[in-house]
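Single-letter residue listing:
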Amino acid sequence: MKNLFVSLHVVFLLCGISLSHCASINETSNEEDIFEEVLWAKIVSMPADKRLSVGIVLSGGGARGFAHTGVLDILEKNHFPIDMISGTSMGAVIGGLYASGMGVERIWKFASEADTKNVSKDFKGFSFLELLIKNKLISPKYITAFVNDNLGGKKFSELKIPFACVSMDFCTGEKIIFTRGALSLAVRASVNLPGMFEPIKYRHRYLVDGGVVDFLPVDAARHLGAKWILSSWVESDNNVLPRNVFSSLLQVIDIRGKILAQKSAARSDFIIKPDVKDIKVADFNKCYEAGNKGLIEAKKNIKKAKRKYIADSLPFVWRFF
Amino acid sequence: MKKRHGIFLAFLLLPSFSAAFPLFYSSRKQALYKSKIAEIEKNFASSECEKVKSNVNNYFNLKPPSEFRKKAYLYLGRCYEKMGYSDKALSVYKIAAALYPHEKEFHKKLADMYFDAGFFKKSSEIYLRLIQEYTCGWEITMKLALCYLNLGFYKKAEKRLSQAAELNGYKDRDLLKNYVQCLINLGKYGKALNIANKMGPPDKYVSLARVYIHKGDFRSALEEVEKGEKQFPHKKDLLLYEMLLNFFNEKYYKAYAKAGNFLEKYPFSEAAMTIKIWSGYKIGRKREAQQTFLLLQKKGKGWLKRLSERLNLQER
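Protein chains in written order, with the numbering used here: chain A, 1 to 321; chain B, 1 to 316.
What the hints contain is simulated information worked out from the structure, not anything from laboratory work. It should be emphasised that the depicted structure is a prediction, and the values quoted were computed from it without experimental measurement. Do not rely on the hints blindly, as some may be mistaken.
Stretch-level coverage of chain A by chain B, calculated; a stretch enters the list once three of its residues show a Cβ under 8 Å from a Cβ in chain B [unchecked claim]:
id: 1; region: 33-44
id: 2; region: 287-298
Chain B is faced by these chain A residues, among others (derived, beta-carbon under 7 Å) [unchecked claim]:
id: 3; residue: I74
id: 4; residue: K77
id: 5; residue: A311
id: 6; residue: L314
Backbone N, C-alpha and C define an ideal beta-carbon position, used for all residues, glycine too.
All chains, full assembly: derive it from the sequences and hints.
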């Protein structure tokens, strides 16, 4: 076993060495790179209506969803156009914060403080005990307070970047795409775990987490008018047998989300999949780690994403050159 | 009487001999180790890596004490590197770094190996520890910055690049190029222009142009490139940027001519072929553009070939 590990390590290292040229430092080292640099700058400097508008789609995934912070960070630093955002569950929280104009730095701060902030209390302690003993769904006061503190009072129409988030009608199973009205209510409904948190009453409907019906809301971004979709999908790993009610419930939601996301991913133009499979939905002590993993994965893929966007955009932008 | 005295004296001196013997013996051994190391050093200097390998093995069989093994590890590791056995070199440096936790050289070598293999997270951790524990020059600070740059930690990279540039006195061109790139990523265009201005020509013109390009100011970018091209008419980078910037400043005739000139020097340049095709279409020289397109299809291999394929379909 040890030998196998050593040989794998060696193979990995040798592969790394052979790829080391790909990780070159100077970003304008050859003709293609120079061409890409100038063409990219030209295309993204155009107004959104003259090029393919870009929709960023952020999946659900609880604590894993903080990987979106890293993805958004890299997109921003590489001047990737972010014309609209859609999100489900944690993707709705991160997307909502970003669309409201909150800087990535501040979202990173939430990631590093997630465990010490009270948000994680909704997933453990007395509230959870209440769920098991009284057989009564929890009203997650800390999550609600977090959403209200940071997004309360804002409306979709006031956002800096057009935004949509998804939840599900618990009675009909319909997918509800929010693009108007109060932002905090929509985000709160999108991050409302079924089977654990009380459904949210809204216009004669009872809303729960959108992850059950649309884990990777590509359609919501298209609904906003996005012509080119980049999805950030935080996939789960369900190889571990759950040992209690809570983890069983989360695993069912994860599996369902994975199946749904596979279909949505096919309708995306580019997908970034941060390697956060080892982080569980309620691992709020690992949010910052998830963010870093998102950042590293996005950095690895950013060049490919840029080239794909340029290639897809070219027939449309040609007449404006 | 004399004989008795001699025996008595020998008896008296015996303890001193027995104490001196190990010293004598150990100094003999030390001399042996030194000669062996000198031999290994000589093998290494004359690039006889196979000899280094066997001599190091034989040397280790003598079981020299720890302080006499250091150099042997270093030469062995460097030889494996020279021979292209990166995995073996890495193993040697790993062992050496564990045996000599305070030897900077082994940790630096280990970090460099990880860096070259693209394991930037691992190498950044070692470089950071080295910087924190020792007085390091600008090179290690720059390497740490490059790790951060490759990982996407632009703010951390900026801090280290700034330190490295200070330590280096703003002289190293690669360092300054990367610093400018980092500042572009962070959208700090003013600062990026300042750093670019500290560079010597012709890099200065390319870097200034790049900052303007990312700012969306294609006219200023072209001005910088043209200034550079006057002084360095054969610099490939400058010629490429000039050709592209002429096209994107809608100077299609000039772009067409520049692409033609470039192709005379570099007949298989896919970038120049692409610009010739694109500007040819814009100025109505579709037949020539088609010919260049066919040439690109035949000779091209990369992304630019596919890019023109997409466009050409629409233009037919």
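message: For a quick check of understanding: which of the numbered hints are violated here, in increasing order?
response: When the structure is compared with the hints, none of them turns out to be violated.
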